[in-house]
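**Student:** Each chain, letter by letter, is given below.
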Amino acid sequence: MTTRLRILHLEDEPRDAELAQAMLEADGLLCDVVPVSDRDAFVRALESGGFDVILADFSIPGFDGITAQQLAHDRRPDVPFIFVSGTLGEEVAIERLKAGATDYVLKQRLSRLSTAIRRALREADERRERLRAEQEIRRLNADLERRVVERTAELEATNEALKRREAELQEAQAILEQTSGAKSQFLSRMSHDLRTPLNAILGFAQLLAMDALSPDQQDNVKQILKAGEYLLVLIEEVLDIARIESGYLSLSPEAVAVAEVVAEVLDLSRPLAAQRNIVLIADPSSSCEHSVSADRQRLRQILLNLISNAVKYNRDGGQVTISCETNPEDRLRIKVADTGTGIPPQKLALLFTPFERLGAEHSSIEGTGLGLALSRGLAAAMGGTVDVESIVDQGSTFWVELVMAERPDVQEGAAGPAKLAKPANVPAVAGSVLYIEDNLPNVRLIERLLSRQRPRITLLGATSGSDGIRLARERAPELILLDLHLPDISGEEVLRMLWEDTRTRQIPVAILSADATPSQVKRLLASGASAYLTKPLDIDRLLRLIDTQLNRQSSAERQAR
Amino acid sequence: MTGASGSSINGPGGSLGRMAHDLKNLMGVVLGFTEMILRDLEPDDPHREELLEIKKAGEGAVVLAARIMDMARSQSKP
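From first to last, the protein sequence lines stand for chains C and A. Count along the first sequence from 1, then add 585; that gives the number in our numbering. Residue 4 in our numbering sits at position 5 of the second sequence, with consecutive numbering throughout.
Think of the hints as simulated: they come from the structure by calculation, not from any bench. Small disclaimer: the values here were computed from a predicted structure and weren't measured. Built from N, CA and C at the ideal position, the CB exists for glycine as well. Among the hints, erroneous ones may be present.
Taking lysine-lysine and the PhoX-like style, the derived pairs with C-alpha atoms no more than 25 Å apart in a straight line are [claimed, not checked]:
| hint | chain 1 | residue 1 | chain 2 | residue 2 |
| --- | --- | --- | --- | --- |
| 1 | C | K807 | A | K55 |
| 2 | A | K54 | A | K23 |
| 3 | A | K54 | C | K807 |
Beyond 12 Å from chain A on every Cβ pair, some chain C residues (computed) [what the hints assert, rightly or not]:
| hint | residue |
| --- | --- |
| 4 | E598 |
| 5 | D617 |
| 6 | S699 |
| 7 | R703 |
| 8 | N726 |
| 9 | L747 |
| 10 | L754 |
| 11 | R885 |
| 12 | E1078 |
Stretches of chain C that chain A covers, calculated by requiring three or more beta carbons in the stretch to come under 8 Å of a beta carbon on chain A [stated by the list, open to error]:
| hint | region |
| --- | --- |
| 13 | 777 to 788 |
| 14 | 793 to 801 |
| 15 | 813 to 819 |
Please build the complete structure, drawing on both the sequences and the hints.
**Tutor:** Laid out in C-alpha cells, this is it:
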C-alpha cells in the first residue's frame, strides 16, 4: 500500500510529535502527522476528518486525555484512538481501554507505536469489514423480507384478480345461460301459445268438414282449414328462423342416405306436381347413393322446400330433376333443377331474405316467403349451404350441399307412430277412451268427434296427470290419449307411472302433442307409448287409431275368455 | 338474415312482427268465414257449437297477434 497514512497527533510538546513521526517512518509506515496542541485545534481537526489514526497525549495543560478520548469517540468512533503518554499508569490505561481506546503506548517505549498502529489499523479494517458484512447481511435480509412481502402481495393480488375473474366469468356464464334459457323458453312458449288456438280451429273445422253441410258452407270450411294450415306452417317457420338466429336450434345429426330421403320427398311432392302435369325425375346416373351428415327431418324439410318451389314456380307440363354430385372437399351437392322462367341475377341475392317473394305475393302461388331463408339457415346449422344458379327463360337450379358421411345409420324402417294396423270394419267399435288433457277446447273436440262418429264409445276426461292415473286404474279404459303438457306432472311421467302399475300396463297409450321433438317421440315410444299423433290432430288418423286399438282390445278379450 | 336487410327476427318489419301481422289478417279471414256459416245456420243447429269454438279460438289468436306486434314494436326502439 503506497497511500500515506494521515495521523492526527494531540501533543503539546512539538519535539515529541516529531519524534513519533520519525519513529514511524523508520519502521516503514509512510505517514503525514498533523500535530495539534490544544482542544480547539483538536476539535477542528476531528471535524474536518480524513484521519486514519488518532494519537493523543494523556496530560496536556488545560486539556486532558479523557475529554480528548470522549471528543474523538463522539465525532470519529471508527478511527483507532491510541494514547501515547509518558505518565499513563497501568490502572488508568486499562480503564481507558475499557472506555473504548484502541491501545496505549508509553513514550519511553515509542518503538512499539508502529506495531500498535498497524494492529489498530488491521483491527479497524477487520471491524469495518465485519460491519460491512453485517450490514450487507442485514441489507440482504431486509431486501429478502421486502421481496417476500412484495411477492406475497403480488401473489395475493394475482390470486385476488384470478378469483375476481373467475367470479366475473361465472356471472357472465350465468347471465348467458339465463338469457339463452329465457330465449329458448320464450320461443317454445310462443310456439305453444300460437299453436293452441290454431289446433282448436283446425280440429273443429275438420269436424265440420266431415258433416253434411251445404256446398257453400263446405267451401267456407275449406277456406278456414286452408288459412289455419298456412298459419301453422308460417308459425313453425318463423320460430325455426328465430331458433337458428338465437343459436337454439336443436339438431340430431346422423349419417343419412340421400337416395332414401330424395325418394320420400319426391313421393310427397308428386300430388302437387301432378296437378300441373309437371314431371319429377331423380337422375339415376348421379351420385345420390352417398350419405351425408345431417338431421334427417331437417334435410327432408329443405328438400321438400326446394322441390315444392321447383314445382310451384315451374311452367305447366315442366320438369323437375333431382341429381347429386360430389366435390373434392368430401361434400355432396343435391341439386333440384326446374324448367321455370328463371330469376334475373340482380334478384338472386334477395331470394334468401325472409318474406321476400319477388312479386309472387301478387300471384296465385302460395307460400310464406320464409322457405328459402329457413332452408339456408337449416343447412348452415348442419355445416352446409343452400344456393342457386339461374338462367332467365331456362330455369333455376337450387342445391343443398352437406358434408358426406361414412355410411348410413341403420334405420328402423317407418317410424313407430306410422306403424298402425289397418282399420278393421268398424263404426261399431265400443268401449271407453280416457283423454288426459288440460286444454278444454281439445277435450270438447274429441268429445264432439266421438259423439258424432263413434257414438258407442264413452269418453272419460281428466284435466291433470294424477286424475288421469286414478281414472285409468278405476275404469280400465281400452285406450288412453295423453297430452304431454299437463298442469301437475309431465305426460312422460304419467306414461311411466301407467307402465309401472300392473293394473294399467296393458292399456295402450297414444301421445297427442303439438311440439314433441323427434328424440322425445323416440323416447316415448321406447318407454311404452303405442302411438304418437301430432296436433293439429288429423281426425281421420285419430279415428283409425281408435278403431284399431279398440278392436284389438276386444278381440284379445274374446281370446282370453 | 341480418338486420341490414331488415330481416332479423325483432322489430315491426322483422319476422316476428310480420308473422303476427299475417296471423292477425288470416284470423280475420277465418273469423269472417266462420261468421258467414253461423249466419246460415238455424239457431238450434248442432254445428253452431263447433263454429263458436272456432270463433273463440280465432279471437284468442287475434289478441295474441296484437300482443306480439306490440312486442315487436317495442323491441325496435333503441
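**Student:** Against this structure, judge whether each hint is valid.
**Tutor:** A quick look at each hint next to the structure:
1. C/K807 - A/K55: With a Cα-Cα distance of about 18 Å, the restraint between C/K807 and A/K55 holds, given a limit of 25 Å.
2. A/K54 - A/K23: Measuring from Cα to Cα gives roughly 13 Å; hence the hint holds.
3. A/K54 - C/K807: Judged against 25 Å, a Cα distance of about 15 Å means the pair holds.
4. E598: holds (105 Å)
5. D617: holds (91 Å)
6. S699: Check passes; 98 Å lies beyond 12 Å.
7. R703: holds (93 Å)
8. N726: holds (63 Å)
9. L747: Per Cβ check, C/L747 is outside 12 Å of chain A; nearest 37 Å; holds.
10. L754: Its Cβ never comes within 12 Å of chain A, the nearest being 28 Å, so this holds.
11. R885: Fine: 22 Å to the nearest Cβ keeps C/R885 off the interface.
12. E1078: Check passes; 28 Å lies beyond 12 Å.
13. 777 to 788: It holds, with 7 qualifying residues against the three required.
14. 793 to 801: holds (count 5)
15. 813 to 819: n = 4 at 8 Å, threshold three: holds.
Violated hints for the displayed structure: none, as all numbered hints are satisfied.
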